[in-house]
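Protein chains: 4
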Amino acid sequence: MGSFKIRTDLALEARENAEEEAESLSGVSVEEVYHEDSEVRITKVSITSKNSARALGKPMGTYITLEAPAMTQQDENYHQEISGELSMQLRGIIPELEKESSILVVGLGNRDVTADALGPNVVDNLTVTRHMVKEFGKAAYGKERMHVTSALIPGVMAKTGMESAEIIKGVVEKTKPDAVIVIDALAARSIRRLNRTVQISDAGIHPGSGVGNNRNVITRESLGVPVIAIGVPTVVDAATIVNDAFAKLSGGEGREWMRMQDFPEGFSELYNMYVTGKDVDYEIKQISHIICDAIEGALDMQA
Amino acid sequence: MGSFKIRTDLALEARENAEEEAESLSGVSVEEVYHEDSEVRITKVSITSKNSARALGKPMGTYITLEAPAMTQQDENYHQEISGELSMQLRGIIPELEKESSILVVGLGNRDVTADALGPNVVDNLTVTRHMVKEFGKAAYGKERMHVTSALIPGVMAKTGMESAEIIKGVVEKTKPDAVIVIDALAARSIRRLNRTVQISDAGIHPGSGVGNNRNVITRESLGVPVIAIGVPTVVDAATIVNDAFAKLSGGEGREWMRMQDFPEGFSELYNMYVTGKDVDYEIKQISHIICDAIEGALDMQA
Amino acid sequence: MGSFKIRTDLALEARENAEEEAESLSGVSVEEVYHEDSEVRITKVSITSKNSARALGKPMGTYITLEAPAMTQQDENYHQEISGELSMQLRGIIPELEKESSILVVGLGNRDVTADALGPNVVDNLTVTRHMVKEFGKAAYGKERMHVTSALIPGVMAKTGMESAEIIKGVVEKTKPDAVIVIDALAARSIRRLNRTVQISDAGIHPGSGVGNNRNVITRESLGVPVIAIGVPTVVDAATIVNDAFAKLSGGEGREWMRMQDFPEGFSELYNMYVTGKDVDYEIKQISHIICDAIEGALDMQA
Amino acid sequence: MGSFKIRTDLALEARENAEEEAESLSGVSVEEVYHEDSEVRITKVSITSKNSARALGKPMGTYITLEAPAMTQQDENYHQEISGELSMQLRGIIPELEKESSILVVGLGNRDVTADALGPNVVDNLTVTRHMVKEFGKAAYGKERMHVTSALIPGVMAKTGMESAEIIKGVVEKTKPDAVIVIDALAARSIRRLNRTVQISDAGIHPGSGVGNNRNVITRESLGVPVIAIGVPTVVDAATIVNDAFAKLSGGEGREWMRMQDFPEGFSELYNMYVTGKDVDYEIKQISHIICDAIEGALDMQA
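Same order as they appear, the protein sequences are chains A, B, C and D. First residue of the first sequence? That's 1 in the UniProt record's numbering, and the numbers climb one at a time after it. First residue of the second sequence? That's 1 in the UniProt record's numbering, and the numbers climb one at a time after it. First residue of the third sequence? That's 1 in the UniProt record's numbering, and the numbers climb one at a time after it. First residue of the fourth sequence? That's 1 in the UniProt record's numbering, and the numbers climb one at a time after it.
Heads up, a few of these hints could be off.
Given that identical chains are not distinguished, each listed pair holds provided it fits within a single copy or across any two copies.
Stated by the list, open to error - Here are the computed lysine to aspartate or glutamate pairs in the EDC-like style, where the Cα-Cα straight-line distance is at most 20 angstroms: (1) K278 <-> E135; (2) K278 <-> D124; (3) K143 <-> E76; (4) K134 <-> E166; (5) K143 <-> E100.
No wet-lab data here; the hints were simulated from the structure. The structure presented is a predicted model; accordingly, all values stated were derived computationally and were not measured.
Using the sequences and the accompanying hints, generate a full structural model.
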């Protein structure tokens, strides 16, 4: 307690942080696949006990992480390969896709802050079909069976005065989708993972997890339907950067953190600051297209 | 029936259209005030019977229209005068403002189409306070009593797959505001009224009114709380332009409309087309600020 | 003189208008190819004499028009087919592409008005390489020979206070490209052509052609290097719509125009108004991608 | 050499860094004024010798810094106070404003990266008059004498393939303004100064100053007309954050920097990363309006 808490939204990193103590941690399983030719690494972390959830600071559930160092390079074929892989992972984690489903896709975040605009950008590009199917039937698309999609950009609390969770819950109760996909920009611990990593999870969204604030969670429990979260780390907390640098200097490999009370005065100003790259606009644009294609592929919606 | 139906979202124009037959129309009252110095004309049309509502093609209610020919000229003082006038009118029509109220402001329309972006633009500029008051109390603003505001940009059906009415209803049920203000871009009949007119109404929003589609209305009845609509005509239907020109040429003053079956082939392509001005970006920006100031003024939220 | 002048930026339409009188017009040649399977029609109008240029109201030069009714439908393969066809046409019209060339791509228009944002949108998506090749050589792209690209969005005069032609000329003199490609949104006469037609021309850009204003042309003569114009009709003048409707009603097939002095009072307000469709945002986005791909294809820049 | 070089674009901070050694530095003069009521501090650093320029890493010239802790708070009156103060400072530093001048205002930066969009945002809001005065004379504004303004958003090299300096120089030579005002987002050293500080300078813009790259400077020498730079620190380099934290921990007050060779592996990834705040969109919007008002005020252009 009192010690500095590294923030990461990636279960993968949470497990790495906890690695030493957690070596024999029960209730956590990890599978890893590496595609040598595409340099894509897929890691599946399953957190299956409350103890391990507490230890990792992540809710129970399955977390699939795809890391692709070349994700934002300009290469249309590579993008298709990655979105194909993501489609496959999504098909595995969205429940009951063998039946016709109605899916609400939600883009969290602030469209006016580049690094936070991932969710809105994905939704801007997404094909929605619910209104057409309601009005004209599946015949409008020349199909006998199809999933239908709707989409929502709730906006951020500073601009709406409402929690995203409130808005989404209201819309879910009114429009009754079978499942919700939520896309959000995440904070990673490692700069190397920024805009090169996608996390898919069935654990939903827990803003400020561990803080005991359950009002704002977006989960199967809170919404009453399955929630699949797709996240991409686009920022690192400024405080994390400093702390990691300390750890490295002191010879640690990211395990011995400074205690907050040892931080010199003025350090607190690092809170509410984040670190991002200079090409963030280009990278977010590329990844938005990849994720949009992945969702449309998983739902067989591609033209 | 079968005759071309001029589209206007302005009650003022609906009454003008109906003028001749309606001379002795009961259930419609009109008051007009003209400020000579500012050239601002305020017209209040009250539709109080079902018969007159049917005759005018507008639901019962009060419609206040402010016309200001210089509305989009670059003159900060004039803008303040207009928004002050609008504030006063809003205070008269929003119920129970003598008590502390929670107001949800909704910006309808498509932020990616300039002439349709009025609603989103107003909301982008609006100060919201609900989340702060919930978290820190009114003390956060150094006030003992205040109205609180929240804001929503639901997006258009082509991008969400959902009716705006569904989204708004869901959010209203979840966040329980005392009243809803809805801002939308309208279609006028007269090009002269574009971007120079604001209509305030307590009748809510009835898209495609008269079509018998009640699913999509946004009204006190549908939401369970008072709905104040603020609209600005930013487009004219292309078909209206042609029809008006015909009427003028045939000597009519906009009363003798062509019947649709008389329209030559190819004319139907005018549907789903609209007419707008070349400075629409600048004008929408100016009016968005005026309406935003008017709402903040009516709710005593100005810094 | 005095008669209403239908405005069209398409040479194809100018020739249609002039068809009757011009049947035997010398100095104009027309070739047409129709691809039945893709429904793509390519028309090449060559204006080779001053007389015919005057008769058509278009400068001498070659005008290639591609019409594709399904251009904005959501079909990735069809888009590739169209951009492939455009690439081929561009390769035929950009001079000296067998040598390594430096190409400046200019996006004209106002990015804040949806129907006028085509040029800026294309440039936003375009890959530029000039700075990389200057800094690191062609090795940066693993190539031994390649064209290099630069790009400019000059903005509109109402926001810059300068003619686009002035800005472009300054930049051309300073950076010395071998050729300039200029992309602009055009006005068509026929609503059916909106967002379904691309015109490629080596005649450059002549805003308000015929008005005798030579200050603002963007041509080989004014810039000193070849200028290729790519244009897409995204609007129709409001006055044209009315006039066409008159002509149709009076039994003409678009040949007998009203004289302006016969227009009733109030008609003049149609000037500076334009007609556009309700899905203009989606359609402009689709076409921007097609044109961007076409340019990158023509210059062998695709990843 | 080899030692880590703290990056700051503020002359004020450069002088603070150099303070100890530089105490008796000749060729640097500093004046400071503090307005107690508004908490606005104005510091004027004059660098008048080559030696001191080298010592501070800033070109010779006058640097006026306005610091206002409440700059981004929502308070229209306070904003007017600050922009009034900035107007006064601008009038003092723009040469020959007693004559009618033609001023080109340039917004540097990337409009798609929130923290870098300051320059484009200011220009988007600015009133330009050059085209009107050229076409209709000063009578268009009802004035007998007035300055005229033009404006340019050149875009960033990654999107144009050209140096901003090349574009600006081309436009200056073609349109011949009497002076150029350049607005840019800066990097500060201290997080506390972000979005609360404005620097005005007659020394122009020197990207990567000290690197010996003179191709890209935007100065009176390079353009042939006076250049006034207006800058606001909106980011801190990520490496600076870490270094400052080290310095604080080691008891230094920001004077004893780590040498780069002592940085542990992986630290280099901090280059090309920057730190910014979570409300950067709101803050940039506020400051853009303040600077736009300040320029219009200095040039007597306000409506």
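Consistency of the hints with the structure:
With identical chains, the CA atoms of K278 and E135 are at most 20 angstroms apart between copies only, with a shortest distance of 19 angstroms across copies and 45 angstroms within one. In this assembly of identical chains, the alpha carbons of K278 and D124 lie at most 20 angstroms apart only when taken from different copies (17 angstroms versus 23 angstroms within one copy). Taking identical chains as interchangeable, the C-alpha atoms of K143 and E76 lie at most 20 angstroms apart only when they sit on different chains, with a minimum of 18 angstroms there against 28 angstroms within one chain. Only between protomers do K134 and E166 lie at most 20 angstroms apart by alpha-carbon distance; the minimum there is 14 angstroms, versus 25 angstroms within a single protomer.
Only within a single protomer do K143 and E100 lie at most 20 angstroms apart by alpha-carbon distance; the minimum there is 12 angstroms, versus 49 angstroms between protomers.
Hint compliance for this structure: every hint is met.
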